[in-house]
Amino acid sequence: MKLTSEELEILKIIEENHRLPIETIAMMAMTSEEEVQRTIKKLEDVKIIMSYPTLIDWSKVEGQEGVVAMIDVKVTPKRGVGFDEVAGRIARFPEVSSLYLMSGAYDLSITVEGKTMQQIASFVSEKLSPIENVVSTTTHFMLKKYKHDGVIFDDGDEKDRRMVVTL
Amino acid sequence: MKHDYASYISDTAKDLKPSGIRRFFDLAAQMEGVISLGVGEPDFITPWGTREAAILSLEQGYTSYTANPGLFELRQEITNYLDSRFGVQYDPKNQIIVTIGASQAIDLAFRAILNQGDEVLIVEPAFVSYGPLVAIAGGTPVPVSTIAENGFKVTPEQLESAITNRTKAILLCSPNNPTGTTLNKAELSAIAKIVEKHDLIVVSDEIYAELLYEDEPYTSFSSVEGMYKRTILINGFSKGFAMTGWRLGFLAAPKELVEVMLKIFQYTTMCAPHMLQHGALEAMRNGYHEVEAMRASYRRRRNYVVQTLNQIGLDCHTPGGAFYVFPSIKSTGLTSEQFAEELLMQEKVAVVPGSVFGESGEGYVRCSYATSMQQLQEALKRMQRFIESRCPVIRTTP
Numbered sequence: 001m002k003l004t005s006e007e008l009e010i011l012k013i014i015e016e017n018h019r020l021p022i023e024t025i026a027m028m029a030m031t032s033e034e035e036v037q038r039t040i041k042k043l044e045d046v047k048i049i050m051s052y053p054t055l056i057d058w059s060k061v062e063g064q065e066g067v068v069a070m071i072d073v074k075v076t077p078k079r080g081v082g083f084d085e086v087a088g089r090i091a092r093f094p095e096v097s098s099l100y101l102m103s104g105a106y107d108l109s110i111t112v113e114g115k116t117m118q119q120i121a122s123f124v125s126e127k128l129s130p131i132e133n134v135v136s137t138t139t140h141f142m143l144k145k146y147k148h149d150g151v152i153f154d155d156g157d158e159k160d161r162r163m164v165v166t167l
Numbered sequence: 001m002k003h004d005y006a007s008y009i010s011d012t013a014k015d016l017k018p019s020g021i022r023r024f025f026d027l028a029a030q031m032e033g034v035i036s037l038g039v040g041e042p043d044f045i046t047p048w049g050t051r052e053a054a055i056l057s058l059e060q061g062y063t064s065y066t067a068n069p070g071l072f073e074l075r076q077e078i079t080n081y082l083d084s085r086f087g088v089q090y091d092p093k094n095q096i097i098v099t100i101g102a103s104q105a106i107d108l109a110f111r112a113i114l115n116q117g118d119e120v121l122i123v124e125p126a127f128v129s130y131g132p133l134v135a136i137a138g139g140t141p142v143p144v145s146t147i148a149e150n151g152f153k154v155t156p157e158q159l160e161s162a163i164t165n166r167t168k169a170i171l172l173c174s175p176n177n178p179t180g181t182t183l184n185k186a187e188l189s190a191i192a193k194i195v196e197k198h199d200l201i202v203v204s205d206e207i208y209a210e211l212l213y214e215d216e217p218y219t220s221f222s223s224v225e226g227m228y229k230r231t232i233l234i235n236g237f238s239k240g241f242a243m244t245g246w247r248l249g250f251l252a253a254p255k256e257l258v259e260v261m262l263k264i265f266q267y268t269t270m271c272a273p274h275m276l277q278h279g280a281l282e283a284m285r286n287g288y289h290e291v292e293a294m295r296a297s298y299r300r301r302r303n304y305v306v307q308t309l310n311q312i313g314l315d316c317h318t319p320g321g322a323f324y325v326f327p328s329i330k331s332t333g334l335t336s337e338q339f340a341e342e343l344l345m346q347e348k349v350a351v352v353p354g355s356v357f358g359e360s361g362e363g364y365v366r367c368s369y370a371t372s373m374q375q376l377q378e379a380l381k382r383m384q385r386f387i388e389s390r391c392p393v394i395r396t397t398p
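Each protein sequence line maps, in turn, to chains A and B. Taking our numbering, I'd label the letters of the first sequence as residues 1 to 167. Taking our numbering, I'd label the letters of the second sequence as residues 1 to 398.
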């Protein structure tokens, strides 16, 4: 779908921060509030805007640290539907937070989130591996998040070091 | 007995006015919780690719001098850049000097061209260094005031009426600090006629050239018909590439002028720091997409700030470039210095009084929008509260 430069501008603004007031977005994009509302509604309707998640560093929240694993999955594609059918089956599990078809040594890359390693292990052995067409899985547990969706975690070093007034 | 130093100090140095902002700066620096719209530099940290290249060059031991005018590869990249971005052709061999910030390039330009008493027209409001740099080089700065009603654009008539038989040069800065005003091709061409007629040189400070927010492409003064031979083009990495603290600028000019400036440069400076030039090389080769991303971000913030300032009762023209807005504070009945000081004390927002940038800056303040949206939103909220408390008669949007 081809967007106007104004629609594109609105998208870029809310991609960075969707909590800005409509009025502010309108000013930044040099358009009217109605136009911003209309554009957002339209882009939501056609599912270009998918959702408005918040990036949270759960590792800082006691008891909520959780475990994340990235799993490489080899599957046998099915005649007529390729990888889509098996991918669709896997994607429906709520434990799966992301799923991509990859080029290279394996086919699907899955991110799975759970409370404990045990929980992820049983997801792999009881849910994922038994799926017909899944040939093999390799599970990598994530040890530490340094950067996610363009945001560096614990970016404490890079603070504003400018003087208060410079000419 | 206290030693009397006054007799040692040169008259030129004595006559230099201390920067008008010192006291205000000290005040702001001591306070906690200040939101500063007073900063004349990007809020972006230099892109990592550039930083890493400088680190790598240190690791590899690039700690020697370079050629006086800078690394040849860097000068080559600079000439490619000037050609592709602004359509002006220079020879990396003898037409470029990599300097310690654009400020030094301006200093070199004035030292190279001015005799005692030569006059330089400076379009005001202007960056605070121009006048003193002219004076240090023995010249006489002649301010040419512009007005908000004209978008702070200088007219050929204004320039012409300030020209005397001692006038040697004009300093132009577009986009301008502090007004953000940008001169388009037609406006520059009109100025060019005056320059030609009176046989002048133009020192064109184009340090904000990358920070331009309108669709019209940037016009370098050097690209205006007949002006190449009369232009000392000043640019650098500080603003567009977010590299202020690196102190790396450059100049491009006819080789006869560069030769003279290089003579001065080699005695005063030798060369720009080697490892930093490697960073700049990387910025030129692979960093341009970051410049574009920063520009898009500034544009959105400019749009927001201009409209909000107008809403809260501070008249503000929409500047074409840089990261400053220059709203009028005349409606408050305060001088620009009073406004800045009271706003700081009452609401902890720092802006720069316009009077610092010349007489024609009185009645205005410079607000930089090179700070996060969150900070800008809060700062403007505080400014609205301040305006309402000062002058409840001004109608502001609720």
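Treat the hints with care, as some may be off.
[To be verified] Non-contacting residues of chain A with respect to chain B, defined by C-beta distances greater than 12 angstroms in every case (computed): (1) Thr-4; (2) Phe-83; (3) Phe-93; (4) Met-142.
[Unchecked claim] Looking from chain A toward chain B, a few residues come up when the C-beta cut is under 8 angstroms (computed): (5) Ile-22; (6) Thr-24; (7) Thr-166; (8) Leu-167.
Calculated from the structure, these hints are not laboratory results. Cβ coordinates follow ideal geometry from the N, Cα and C atoms, glycine included.
Comparing the hints with the structure gives:
A cut-off of 12 angstroms between C-beta atoms confirms that Thr-4(A) is not in contact with chain B; the least separation is 15 angstroms. For Phe-83(A), the shortest C-beta to C-beta distance to chain B comes to about 33 angstroms, beyond the 12 angstroms cut-off, and the non-interface label holds. With a minimum CB-CB distance of about 36 angstroms to chain B, Phe-93(A) clears the 12 angstroms threshold, and the non-interface call stands. Every CB of chain B is more than 12 angstroms from the CB of Met-142(A) (nearest about 23 angstroms), matching its label as outside the interface.
Hint status for Ile-22(A) relative to chain B: violated, with the closest Cβ pair at about 13 angstroms, above 8 angstroms. With a least beta-carbon distance of about 6 angstroms to chain B, the hint placing Thr-24(A) at the interface is held under the 8 angstroms criterion. The interface hint given for Thr-166(A) holds, since its Cβ lies 4 angstroms from the closest Cβ of chain B, which is under the 8 angstroms cut-off. A distance limit of 8 angstroms between C-beta atoms decides the matter here; for Leu-167(A) the minimum to chain B is near 5 angstroms, and the interface restraint holds.
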